[in-house]
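**Student:** Sequence:
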Amino acid sequence: MRQTWRWFGPLDRVSIDDMLQAGVEGVVTALHHVATGAVWTPEEIAGRQRELSVMADGSPSGLKWEVVESLPVSEEIKKQKGEWRAHIDNYKVSLRNLAAAGIETICYNFMPVLDWTRTDLAFRLPTGATCMRFDYADFAAFDIHILKREGAAEDFPEDIREEAARRFASMDEERRQALAKNIVFGLPGAAESFTLEDVRHHLAEYAAMSPDGLRSNFIAFLEEVAPVAEKLGLRLCCHPDDPPFGLLGLPRVMSTEADYKAMMEAVDIPANGITLCSGSLGARPDNDLPGMMERLGDRVHFLHLRNVHRETGDIKGSFYESEHLGGDTDMVALVAAALAEEKRRREAGRTDWNIPFRPDHGLDILDDLNRKAQPGYPAIGRLKGLAELRGIAAALSR
Numbered sequence: 001m002r003q004t005w006r007w008f009g010p011l012d013r014v015s016i017d018d019m020l021q022a023g024v025e026g027v028v029t030a031l032h033h034v035a036t037g038a039v040w041t042p043e044e045i046a047g048r049q050r051e052l053s054v055m056a057d058g059s060p061s062g063l064k065w066e067v068v069e070s071l072p073v074s075e076e077i078k079k080q081k082g083e084w085r086a087h088i089d090n091y092k093v094s095l096r097n098l099a100a101a102g103i104e105t106i107c108y109n110f111m112p113v114l115d116w117t118r119t120d121l122a123f124r125l126p127t128g129a130t131c132m133r134f135d136y137a138d139f140a141a142f143d144i145h146i147l148k149r150e151g152a153a154e155d156f157p158e159d160i161r162e163e164a165a166r167r168f169a170s171m172d173e174e175r176r177q178a179l180a181k182n183i184v185f186g187l188p189g190a191a192e193s194f195t196l197e198d199v200r201h202h203l204a205e206y207a208a209m210s211p212d213g214l215r216s217n218f219i220a221f222l223e224e225v226a227p228v229a230e231k232l233g234l235r236l237c238c239h240p241d242d243p244p245f246g247l248l249g250l251p252r253v254m255s256t257e258a259d260y261k262a263m264m265e266a267v268d269i270p271a272n273g274i275t276l277c278s279g280s281l282g283a284r285p286d287n288d289l290p291g292m293m294e295r296l297g298d299r300v301h302f303l304h305l306r307n308v309h310r311e312t313g314d315i316k317g318s319f320y321e322s323e324h325l326g327g328d329t330d331m332v333a334l335v336a337a338a339l340a341e342e343k344r345r346r347e348a349g350r351t352d353w354n355i356p357f358r359p360d361h362g363l364d365i366l367d368d369l370n371r372k373a374q375p376g377y378p379a380i381g382r383l384k385g386l387a388e389l390r391g392i393a394a395a396l397s398r
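Note that the sequence shown covers residues 1 to 398 in the UniProt record's numbering.
A portion of the hints provided could be inaccurate.
To be verified - With a cut-off of at most 20 Å between alpha-carbon atoms, the simulated EDC-like pairs for lysine to aspartate or glutamate come out as follows:
{"hint": "1", "residue 1": "Lys81", "residue 2": "Glu224"}
{"hint": "2", "residue 1": "Lys64", "residue 2": "Glu51"}
{"hint": "3", "residue 1": "Lys316", "residue 2": "Asp328"}
{"hint": "4", "residue 1": "Lys81", "residue 2": "Glu197"}
{"hint": "5", "residue 1": "Lys181", "residue 2": "Asp198"}
{"hint": "6", "residue 1": "Lys64", "residue 2": "Glu104"}
{"hint": "7", "residue 1": "Lys231", "residue 2": "Asp352"}
{"hint": "8", "residue 1": "Lys64", "residue 2": "Asp12"}
{"hint": "9", "residue 1": "Lys148", "residue 2": "Glu163"}
{"hint": "10", "residue 1": "Lys231", "residue 2": "Asp268"}
{"hint": "11", "residue 1": "Lys316", "residue 2": "Glu257"}
{"hint": "12", "residue 1": "Lys92", "residue 2": "Glu224"}
{"hint": "13", "residue 1": "Lys92", "residue 2": "Glu43"}
{"hint": "14", "residue 1": "Lys64", "residue 2": "Asp18"}
{"hint": "15", "residue 1": "Lys316", "residue 2": "Glu163"}
{"hint": "16", "residue 1": "Lys181", "residue 2": "Glu224"}
{"hint": "17", "residue 1": "Lys261", "residue 2": "Glu341"}
{"hint": "18", "residue 1": "Lys81", "residue 2": "Asp198"}
{"hint": "19", "residue 1": "Lys64", "residue 2": "Glu25"}
{"hint": "20", "residue 1": "Lys92", "residue 2": "Glu223"}
{"hint": "21", "residue 1": "Lys231", "residue 2": "Glu66"}
{"hint": "22", "residue 1": "Lys148", "residue 2": "Glu223"}
{"hint": "23", "residue 1": "Lys372", "residue 2": "Asp120"}
{"hint": "24", "residue 1": "Lys79", "residue 2": "Glu257"}
{"hint": "25", "residue 1": "Lys261", "residue 2": "Asp298"}
{"hint": "26", "residue 1": "Lys316", "residue 2": "Glu162"}
To be verified - Have a look at the derived ranges for each label pair, beta carbon to beta carbon:
{"hint": "27", "residue 1": "Pro60", "residue 2": "Leu196", "range": "39 to 47 Å"}
{"hint": "28", "residue 1": "Phe245", "residue 2": "Glu150", "range": "14 to 22 Å"}
{"hint": "29", "residue 1": "Ser397", "residue 2": "Arg166", "range": "46 to 54 Å"}
{"hint": "30", "residue 1": "Pro60", "residue 2": "Arg390", "range": "19 to 27 Å"}
{"hint": "31", "residue 1": "Ala153", "residue 2": "Pro60", "range": "51 to 59 Å"}
{"hint": "32", "residue 1": "Glu223", "residue 2": "Phe245", "range": "21 to 29 Å"}
{"hint": "33", "residue 1": "Glu25", "residue 2": "Arg344", "range": "15 to 23 Å"}
{"hint": "34", "residue 1": "Arg166", "residue 2": "Gly326", "range": "26 to 34 Å"}
{"hint": "35", "residue 1": "Pro227", "residue 2": "Asp172", "range": "50 to 58 Å"}
{"hint": "36", "residue 1": "Gln80", "residue 2": "Ala395", "range": "26 to 34 Å"}
{"hint": "37", "residue 1": "Asp172", "residue 2": "Ala333", "range": "42 to 50 Å"}
I should point out that these hints are in silico values taken from the structure, not numbers from a laboratory. Note that the Cβ used here is the ideal one computed from N, Cα and C, for glycine as well.
Given only the sequences and the hints, what does the whole structure look like? Please build it.
**Tutor:** Have a look at this one:
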């Protein structure tokens, strides 16, 4: 398992030097400043490679850009509207430019509107550490009373609707604005950010789209780009929905093992693969993460290893991001399944046997609380998670 680390570029408060001291082997990054749908040019790609190749004092870091996260798929492609065909053409050009730069693994997602959703970006735990949290009643308060989405109340059970009304009534305007900001925060480091009006506009355009419709558009995208990736020797890996259940009346198509199987069978070539994110998928109690790794491992091109604590046993419910070994996913069993898959690949002679993983997210602890890095991406909390995951892999490999 190859140890990687997500980096958001020169403005990231976790530096190249920090990554080296954490002992990582490769870098996961993206051209976050490039608008979604535009071409990633050779010049921009080379610029990012130069940035991560040196330490603060100018000496070589020895680190290379090994995984793209993410090469974003535009809303136009997901909805098949506007300039979606031009955006697919641009996506292919970006893939060719990445391949020419020696980068082989490309993570992306097909989530409509928002890339991930949390209601609290700094939820305080009893220890004083903070983490990200999704509170179902708070989300309902946003959806019904702040966003005021038509028909929103019908999507929630009665007890959640009642609690949402109580919470909204108790919030002052500052708290309401903070909740809305957290929910539409989207992808950290992205070129675009959404206002509530932007969200309402996108929701209106998705109003008539069913999950089958979004899946059809997804397959159409894959039919165009996956063969290009295959010819170039690239590995595309789709990230799951986060959280892995429907929100805002939007369709979801990457929330379960069945969703992944349908995607892989529709475009059945090795380049069309998976980012297995244990945190996103683990927020849903009917997802068996070690079993998914065993059954789908042949097409797992990238691993996000993090954990969540589910606060209910419901498919849709509240959860918070826990310590890597402290949540509801059996991380030891998952790492064991990943190592078993690597063994199968080595024995089969595959060159991609060493699966890149990163310690996804992490609690803000110690000096993280003062550094104020990207939500979910502290230095020390991720270092702790990496050390724990490294320890599991070392013990299981003996």
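**Student:** Hints the structure violates: just list their numbers, smallest first.
**Tutor:** 16, 22, 24, 36
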